[in-house]
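Novice: Go by the hints and put chain E onto chain V.
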Amino acid sequence: MDWESLMQPLILPLVKIALLIFIMMTAAAYLVLLERWIAAWVQDRKGPNRVGIPLTKIRMFGLGQPLADGLKFIFKEEYTPGHVEKVLYTLAPLSIMAAALAVFAVVPIGDVLPIELPGTSGPIQLIVAPHIDVGMIYIFALSSIAVYGVILGGWSSNNKYGFLGALRSSAQLIAYEIPLGLGILGVVLAAGSLRLDAIIYAQAETGLWNVFAQPLGFSVFVIAAFAEAARLPFDLPEAEQELIGGYHTEYAGMKLLLFLIAEFLHMVVAAFLIVILFLGGWHFWGMTVDASQPIGWPMAIARIAILAIKVLLVIVFFMMVRWSWPRFRFDQLMNLAWKVMLPLGLVNLVALTIAYEYEYVNDLDGTTRGLWIMVAVGWAVALVSWVLAAVFSPLHTDNRPRRDVTDAPEYEYEPETLRQILATGTQRASANGP
Amino acid sequence: MNTLLVMIGGATLLFAAGLWLSLPRGRAPGRALGAVLVAAGLGLFAAETISLGSALADVVFYLIAGLTVLSAVATISFRNPVYSAIWFALSLLGTAGLFLFNGAQFLGVATIVVYAGAILVTFLFVLMLAQPEGQAPYDRVSWAAPLSAVSGALLVGLLTFVLADVFQNPIVEERPVAQVSETELVEGVLADQHMATLGRWLFGRQLVSIEVIGTLLLVALVGAVAVVGQIHHRERGGPMHG
Numbered sequence: 001m002d003w004e005s006l007m008q009p010l011i012l013p014l015v016k017i018a019l020l021i022f023i024m025m026t027a028a029a030y031l032v033l034l035e036r037w038i039a040a041w042v043q044d045r046k047g048p049n050r051v052g053i054p055l056t057k058i059r060m061f062g063l064g065q066p067l068a069d070g071l072k073f074i075f076k077e078e079y080t081p082g083h084v085e086k087v088l089y090t091l092a093p094l095s096i097m098a099a100a101l102a103v104f105a106v107v108p109i110g111d112v113l114p115i116e117l118p119g120t121s122g123p124i125q126l127i128v129a130p131h132i133d134v135g136m137i138y139i140f141a142l143s144s145i146a147v148y149g150v151i152l153g154g155w156s157s158n159n160k161y162g163f164l165g166a167l168r169s170s171a172q173l174i175a176y177e178i179p180l181g182l183g184i185l186g187v188v189l190a191a192g193s194l195r196l197d198a199i200i201y202a203q204a205e206t207g208l209w210n211v212f213a214q215p216l217g218f219s220v221f222v223i224a225a226f227a228e229a230a231r232l233p234f235d236l237p238e239a240e241q242e243l244i245g246g247y248h249t250e251y252a253g254m255k256l257l258l259f260l261i262a263e264f265l266h267m268v269v270a271a272f273l274i275v276i277l278f279l280g281g282w283h284f285w286g287m288t289v290d291a292s293q294p295i296g297w298p299m300a301i302a303r304i305a306i307l308a309i310k311v312l313l314v315i316v317f318f319m320m321v322r323w324s325w326p327r328f329r330f331d332q333l334m335n336l337a338w339k340v341m342l343p344l345g346l347v348n349l350v351a352l353t354i355a356y357e358y359e360y361v362n363d364l365d366g367t368t369r370g371l372w373i374m375v376a377v378g379w380a381v382a383l384v385s386w387v388l389a390a391v392f393s394p395l396h397t398d399n400r401p402r403r404d405v406t407d408a409p410e411y412e413y414e415p416e417t418l419r420q421i422l423a424t425g426t427q428r429a430s431a432n433g434p
Numbered sequence: 001m002n003t004l005l006v007m008i009g010g011a012t013l014l015f016a017a018g019l020w021l022s023l024p025r026g027r028a029p030g031r032a033l034g035a036v037l038v039a040a041g042l043g044l045f046a047a048e049t050i051s052l053g054s055a056l057a058d059v060v061f062y063l064i065a066g067l068t069v070l071s072a073v074a075t076i077s078f079r080n081p082v083y084s085a086i087w088f089a090l091s092l093l094g095t096a097g098l099f100l101f102n103g104a105q106f107l108g109v110a111t112i113v114v115y116a117g118a119i120l121v122t123f124l125f126v127l128m129l130a131q132p133e134g135q136a137p138y139d140r141v142s143w144a145a146p147l148s149a150v151s152g153a154l155l156v157g158l159l160t161f162v163l164a165d166v167f168q169n170p171i172v173e174e175r176p177v178a179q180v181s182e183t184e185l186v187e188g189v190l191a192d193q194h195m196a197t198l199g200r201w202l203f204g205r206q207l208v209s210i211e212v213i214g215t216l217l218l219v220a221l222v223g224a225v226a227v228v229g230q231i232h233h234r235e236r237g238g239p240m241h242g
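Which chain is which? The protein sequence lines are V and E, in order. The numbers in the working numbering rise by one with no breaks, and the one at position 430 of the first sequence is 430. The numbers in the working numbering rise by one with no breaks, and the one at position 40 of the second sequence is 40.
Some clues are possibly wrong.
As the list claims (entries may be wrong) - Computed beta-carbon distance windows for the label pairs: (1) VAL59/E / ALA389/V: 38 to 46 Å; (2) HIS232/E / ALA390/V: 27 to 35 Å; (3) GLY82/V / TRP143/E: 48 to 56 Å; (4) GLY229/E / ARG329/V: 22 to 30 Å; (5) VAL222/E / LEU189/V: 22 to 30 Å; (6) LEU56/E / GLY253/V: 35 to 43 Å; (7) ASP363/V / ALA118/E: 48 to 56 Å.
To be verified - Here are a few chain E residues that sit away from chain V, every Cβ distance over 10 Å (derived from the structure): (8) LEU13; (9) ARG31; (10) ALA35; (11) ALA65; (12) VAL69; (13) SER84; (14) ALA116; (15) LEU163; (16) VAL166; (17) SER209.
It should be emphasised that the hints constitute simulated quantities derived from the structure, not laboratory data. All residues carry an ideal CB built from backbone N, CA and C; glycine is no exception.
Just chain V, same shape as in the assembly (with noise of 0.2 Å):
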């Protein structure tokens, strides 16, 4: 068997896979740096500017800062907990760590680059599966084993704390994948794929980002999309107020840092997927796209440019959005998905089916006058449904007690208790002895 048989199947799967692992954690350690600078913007601090090259001087703004939390946390003592089941414990950060990384299988970090190595027939994909042809449900399937990781990362820690973070966390997830999924079929709907770079051609093609013809989608999937992400207003599995640190409490160093790791990662997939599914992908307005063509190294470089930065400009997005939202309380998160995302992307769903179905009788597919009908209908059925779930929703900011809960007559205390209450502070004053 010579290497050139090896390419295609083993070599440059392999090669990709080493590139999208460095490029990630990479990336992640600089956003964490990011993310810091943007919360001491907004806070009026100045944030981490001091960590340089060391024994000398030079500061270079703080960019050595996560090469300096990274040796922290590598040296940290590897502590386990007496009381946590071990095996699970070490399970749980390297099963959520594994899913979010296995999620760039099938996202596109650019177009393709015009290289011909022997072996291979075409230029070269920047995507390490390009032949999955269900990629949607892929990440869908991954971040449903993600909730894995938190669930057995709050269980094994034996810790109360991380057990309410762990099931805050898997019922968030879990209710949140559904209007998320609403979202993502009006997408698959329009590109008529679930490919990701299909999805991108479609909208190159059309030069009509789906933004702009389903605005309803969007809000769904970027509001589920932050819930999944477990970013704030909805980091409620690890609300660090009430649960210390949710489901990762009892871990630390490196299999912290695991955690974290992969709940960055879920943030910038999330990017990932709203600049490809709703954005335009890498396409820009005044490029040439013509997927026939082969394209020259300007422009692949220019793609890949244009992916990065819109991918960027989100997750600066999801940083300044995390500074200027208080966070929801968990029956304010409930009602959210299940009585107001959950209607809006049914409502968006069918309004898409009924108008592409119109289109397609009437033979306007790919039509301006059909992109035009796109647009109004789009729009139109986002502004009535919105405006018809802000007045007949349930007011969820209502921060008073619920009076059908306190009402109810189990809630109710017997006069005896209410007055002991009422005297000494606590009920159980008197079980307890003086």
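Specialist: For chain E alone, coordinates are given in the frame of chain V:
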């Protein structure tokens, strides 16, 4: 033919004995021996199947298949149900890997989404919430261990026998089953429009079955909600709250 029958029979016996030994049966010893017997039986089964033609494909296939079957055995032989659930998840991942290996991409990822992502997570919830202090003794033993071991081993043995028989005596004129022609593969499972083809088939030829299954699931869901609503109603002693 006869040697094949003897080989498969022996493998089935070994596998059944191994399964019985490794099932949780109170304090019965011999679980390590059971694991060895299970591995030996599986090895014998594997020896009767054929090579896939390329060394790379062979290695990948037997790795995934071995992982799948061994984690399935681990699922039923572990005492702690949480560990059983994790092994079951691993077995499902292996199954999905086998689907992917054969080009059935949608089945592969759908297995993960539906079984590992939805059903098993619910199991895990229940297991973790229900028995925080550990399991009661009667939950730690498997019931009717010999019967289940024998029937499981028989099933695996029969399937392997049928498969090995087909491999060794191909029915279709002189065409070994494993060597499907290139064009068939390219037009079938390896098609670029794999998902679109499958979707067209499901919602064209199989439309009625799909609708019936969907309705069945909906009815089950409505039933579950009705049951919960009744309990709620009885406990409150009044009309249901929203």
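Novice: Taking the hints in turn, state whether each one holds.
Specialist: Going down the list of hints, with the structure as the test:
Separated by about 54 Å at the C-beta atoms, VAL59/E and ALA389/V break the suggested range of 38 to 46 Å. Between HIS232/E and ALA390/V the beta carbon distance is about 30 Å. The supplied range of 27 to 35 Å therefore holds. Taken as a hint, the range 48 to 56 Å is violated for the pair GLY82/V and TRP143/E, whose Cβ atoms sit roughly 35 Å apart. For the pair GLY229/E and ARG329/V, the supplied restraint of 22 to 30 Å holds, since their beta-carbon distance comes to about 26 Å.
The hinted range of 22 to 30 Å is satisfied by VAL222/E and LEU189/V, whose Cβ atoms lie roughly 27 Å apart. The supplied range of 35 to 43 Å is met by LEU56/E and GLY253/V, whose beta-carbon atoms lie about 37 Å from each other. The hint said 48 to 56 Å for the Cβ distance between ASP363/V and ALA118/E, and at roughly 40 Å that hint is violated. No Cβ of chain V approaches the Cβ of LEU13/E within 10 Å, the least distance being about 32 Å, so the stated non-interface status holds.
Here ARG31/E stays apart from chain V, with its beta-carbon at least about 17 Å from theirs, past the 10 Å limit. Chain V leaves ALA35/E outside its interface by the beta-carbon criterion, the shortest separation being 17 Å against a cut-off of 10 Å. No Cβ of chain V comes within 10 Å of the Cβ of ALA65/E; the nearest lies about 19 Å off, and the non-interface call holds. Separation of VAL69/E from chain V is adequate, the least Cβ-Cβ distance of about 21 Å exceeding the 10 Å criterion.
Every beta carbon of chain V lies more than 10 Å from that of SER84/E, the smallest distance being close to 12 Å; the non-interface claim holds. At roughly 6 Å from the closest C-beta of chain V, the C-beta of ALA116/E falls inside 10 Å, breaking its exclusion from the interface. Every beta carbon of chain V lies more than 10 Å from that of LEU163/E, the smallest distance being close to 26 Å; the non-interface claim holds. Look at VAL166/E: its CB is around 28 Å from the nearest CB on chain V, clear of 10 Å, so calling it non-interface holds up.
With 10 Å as the threshold on Cβ separation, the claim that SER209/E sits away from chain V holds: the shortest Cβ distance comes to roughly 21 Å.
The structure fails to meet hints 1, 3, 7 and 14 from the earlier list, while all remaining hints are met.
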